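Participant: Below are the chains, spelled out letter by letter.
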Amino acid sequence: MGARYLVRRVATALFTIALIVLLNFVLFRAMPGSPERILLGRMPGVTAEVLATTRVRWGLDKPLFPDQFVAYVGSTVRGDLGFSYAARGRPVTEVLAQRLGPTLLLFGLGELVAVLLGLALGAYSGWRRGGIVDYFGNGLSLILYSTPYFLLGMGLLLVFATGLGWFPTFGMVTAGSTYAGPLEYLADLGAHLALPLATVSLGLVGQYAILMRSSVIETLAEDYVTTARAMGLREGRVLRHHALPNALLPTVTLVAINLGYVVAGAITVEVVFNWPGLGTLTVDALSARDYPVLQGVFLLLSIAVVLANLVADLVYGVLDPRVRT
Amino acid sequence: MTAPAVPVGAGQPAAAGPARGAGQFFRKLFARPDGLAGFAILAVFTILAIAPGLFVGSLQTAVTATGPRLGPPSFEFPLGTDELGRSILNLTVHATRISMVIGFLATIVTVLIGAVLGIVSGYVGGRLDAFLMRVADFFLVIPTFVLAIILTAIIRDVLGTGSREVFGIRLSLIVIVVVIGITSWSATARIIRSQTLSLRELAFVDRARVVGASGGRIMRRHILPNLMNLIVANAVLTFAGAILTETTLSFVGLGDPFQPSWGQLLDAARTIGAPGLGAWWYFVPAGTGIVLVVFAFTLLGSALDDVLNPKLQTQR
Numbered sequence: 014m015g016a017r018y019l020v021r022r023v024a025t026a027l028f029t030i031a032l033i034v035l036l037n038f039v040l041f042r043a044m045p046g047s048p049e050r051i052l053l054g055r056m057p058g059v060t061a062e063v064l065a066t067t068r069v070r071w072g073l074d075k076p077l078f079p080d081q082f083v084a085y086v087g088s089t090v091r092g093d094l095g096f097s098y099a100a101r102g103r104p105v106t107e108v109l110a111q112r113l114g115p116t117l118l119l120f121g122l123g124e125l126v127a128v129l130l131g132l133a134l135g136a137y138s139g140w141r142r143g144g145i146v147d148y149f150g151n152g153l154s155l156i157l158y159s160t161p162y163f164l165l166g167m168g169l170l171l172v173f174a175t176g177l178g179w180f181p182t183f184g185m186v187t188a189g190s191t192y193a194g195p196l197e198y199l200a201d202l203g204a205h206l207a208l209p210l211a212t213v214s215l216g217l218v219g220q221y222a223i224l225m226r227s228s229v230i231e232t233l234a235e236d237y238v239t240t241a242r243a244m245g246l247r248e249g250r251v252l253r254h255h256a257l258p259n260a261l262l263p264t265v266t267l268v269a270i271n272l273g274y275v276v277a278g279a280i281t282v283e284v285v286f287n288w289p290g291l292g293t294l295t296v297d298a299l300s301a302r303d304y305p306v307l308q309g310v311f312l313l314l315s316i317a318v319v320l321a322n323l324v325a326d327l328v329y330g331v332l333d334p335r336v337r338t
Numbered sequence: 264m265t266a267p268a269v270p271v272g273a274g275q276p277a278a279a280g281p282a283r284g285a286g287q288f289f290r291k292l293f294a295r296p297d298g299l300a301g302f303a304i305l306a307v308f309t310i311l312a313i314a315p316g317l318f319v320g321s322l323q324t325a326v327t328a329t330g331p332r333l334g335p336p337s338f339e340f341p342l343g344t345d346e347l348g349r350s351i352l353n354l355t356v357h358a359t360r361i362s363m364v365i366g367f368l369a370t371i372v373t374v375l376i377g378a379v380l381g382i383v384s385g386y387v388g389g390r391l392d393a394f395l396m397r398v399a400d401f402f403l404v405i406p407t408f409v410l411a412i413i414l415t416a417i418i419r420d421v422l423g424t425g426s427r428e429v430f431g432i433r434l435s436l437i438v439i440v441v442v443i444g445i446t447s448w449s450a451t452a453r454i455i456r457s458q459t460l461s462l463r464e465l466a467f468v469d470r471a472r473v474v475g476a477s478g479g480r481i482m483r484r485h486i487l488p489n490l491m492n493l494i495v496a497n498a499v500l501t502f503a504g505a506i507l508t509e510t511t512l513s514f515v516g517l518g519d520p521f522q523p524s525w526g527q528l529l530d531a532a533r534t535i536g537a538p539g540l541g542a543w544w545y546f547v548p549a550g551t552g553i554v555l556v557v558f559a560f561t562l563l564g565s566a567l568d569d570v571l572n573p574k575l576q577t578q579r
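Taken in order, these protein sequences are the chains called E and P.
Residue numbering for the first sequence follows the numbering used here, starting at 14 and increasing by one per position.
Residue numbering for the second sequence follows the numbering used here, starting at 264 and increasing by one per position.
In short, the hints are calculated from the structure, not lab data.
Predicted model only: the values in this text are computed from it and were never measured.
Certain hints may be false.
Claimed, not checked - Here are some chain P residues the structure puts well away from chain E; computed CB gaps all over 10 Å: (1) Leu305; (2) Phe367; (3) Phe408; (4) Ser426; (5) Phe546.
Stated by the list, open to error - Rough simulated footprint, nothing fancy, chain P against chain E, three-plus residues with beta-carbon under 8 Å: (6) 26-38; (7) 85-93; (8) 120-126; (9) 216-225; (10) 265-279; (11) 311-320.
Glycine is no exception: its CB is placed at the ideal position from the N, C-alpha and C atoms.
Using the sequences provided together with the hints, build the complete structure.
Facilitator: Set out below in structure tokens:
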């Protein structure tokens, strides 16, 4: 891969992260309506002295730029994101770290299942275009694509947890239970994970299938596929060795671009199932107007998405020599 | 690259004559099953949204509610009741109006910002173009939903929305409209810009410039009319996204209980634990409404895209 390509991608990502940090600052510090009011929340009977002390205490008496901005960037880089109001003054970084694991587990697995299923379904429908799998698969993909994740989750919860009683209705493990061994723990976790995981995978599978289908159809019309067929290769071989590797290329980018949207799904699915991840944290912080935590969530998720996009760009550069300029 | 679908005639903007081509346009659109189905579904929901009172009477409140608490569907309450005894049928039909109106307004704001920035960026070019597209890319990459949550919360705290209304819509919902516009214009801007870039190079734009038309006039009178097809098709797809975003924002608690949308009803259903209580009637109607409307917009949007922009469509 060319050094110029690498440098340009990394520079773009760094620029975007810088913009995110700047936006975070502007959003929370420079909004009309004075930050000390937000700091003090809806506390009644705030006197002028309290306001003044708060301003000095938080450095709000200094000019916005450069003093406040430099202090903000400095502490952000050091990983100091301030303190949560709702979690009784615990550092935001600590609150976020505690919630990161469950979200990564749920959405890492969900993405994996959705990508595998979606690509397989899309490839098959594109290959057998107009067939029965294509007909129903495409319709189902479109409907799943139109369904908000949380609605899907509520439906699954209603049918499989409340109705059939196959799975627990909320949480990550049964509250207050003790386990005889790691296997029992995993079984309990798995039972709690099943429905949220199914929701995430089903929510994502539609768009991957739609993209893969059109990508396969486009690739199958290429000259090199016609050549392969003219050489007398069997259809299955043409698909696996000639069409699929090229058709897979656009999905790399889509998976990364999608992460930004997946975040919205992540938040709502976790809320439906009371999954103790970043999503429920966001909604709790929102209703408590716990701005430092909201700010931390935005920073963490944005940077994660930007980095994922950078990785996808680099992977794409390795896979497809045409873009290495 | 072939020339874009623009009649290069006598230095005049393309006469996209609504009167002349309307009949043919609708025949073409309705000849496609996706166009017809999408249009039919949306027609039904539009009628419900325009006159909800005609079908179910005025919106029930905790005071005017007459039903049992969280009652299942019955003869008197075909879709059951909520935890306050209000008829779910009544709530869902009225929510149609809120969801559709918020979606509609948010689409207008989104497409307006996107089209203006896209045309200016593409026509003016240079540094301004580079800057605007950097900003657009930024919004495309970051998780805009989290930004939308934060923006809505901050703007509401700053404005102190209370019970003020604008055109009969509560200010808290207007905030949602504006926030959706701010966070979702970038895709539209990108598409419009790329089409403006190729329009800019055509002979009729050159001629207008030679006879002394200003940049603003060229953009308004010569570029914009030729983009209308693209803008309409894009607006229909944006509508679907706007309804989904509004629903999701309401679901995380940013809706307005006094003017409930479908998302607000789903949030209320989740809050009282309707799925766990087996109260399917609380959220299935609103959920069906969302899926049908978004599905219909997606169908109609792709049909419009093919009918209006035949040269832009890719192989299917």
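Participant: Over 10 Å to the closest beta carbon of chain E is the bar; see if Leu305 of chain P clears it.
Facilitator: With a cut-off of 10 Å, Leu305 of chain P remains clear of chain E, as the shortest Cβ separation is near 13 Å.
Participant: Do at least three Cβ atoms from the segment 85-93 of chain E come closer than 8 Å to Cβ atoms of chain P?
Facilitator: violated (count 0)
Participant: Verify the coverage statement for the segment 26-38 of chain E against chain P, using a C-beta to C-beta distance below 8 Å and requiring 3 or more qualifying residues.
Facilitator: Since three or more residues must qualify, the claim that chain P covers the segment 26-38 of chain E holds, with 5 doing so at under 8 Å.
Participant: Are 3 or more residues of the segment 216-225 of chain E near chain P, judged by a Cβ distance of less than 8 Å?
Facilitator: violated (count 0)
Participant: Evaluate the condition: distance from the CB of Phe367 of chain P to the nearest CB of chain E exceeds 10 Å.
Facilitator: holds (18 Å)
Participant: Are all beta-carbon distances from Phe546 of chain P to chain E longer than 10 Å?
Facilitator: Violated: least Cβ distance 6 Å, not greater than 10 Å.
Participant: Taking 10 Å as the cut and beta carbons as the points, is Phe408 of chain P off the interface with chain E?
Facilitator: It is violated; Phe408 of chain P is separated from chain E by about 3 Å at its closest Cβ, not greater than 10 Å.
Participant: Taking 8 Å as the C-beta cutoff, is the stated coverage of the segment 120-126 of chain E by chain P satisfied by three or more residues?
Facilitator: violated (count 0)
Participant: Verify this label for me: Ser426 of chain P is non-interface relative to chain E, using a Cβ-Cβ cutoff of 10 Å.
Facilitator: Nearest chain E Cβ is 18 Å from Ser426 of chain P, so the label holds.
Participant: Test coverage of the segment 311-320 of chain E by chain P using CB-CB distances below 8 Å; three residues minimum.
Facilitator: n = 5 at 8 Å, threshold three: holds.
Participant: Can you confirm whether chain P covers the segment 265-279 of chain E, using C-beta to C-beta distances below 8 Å and requiring at least three such residues?
Facilitator: n = 6 at 8 Å, threshold three: holds.
Going through the hint list in order, the structure does not satisfy hints 3, 5, 7, 8, 9.
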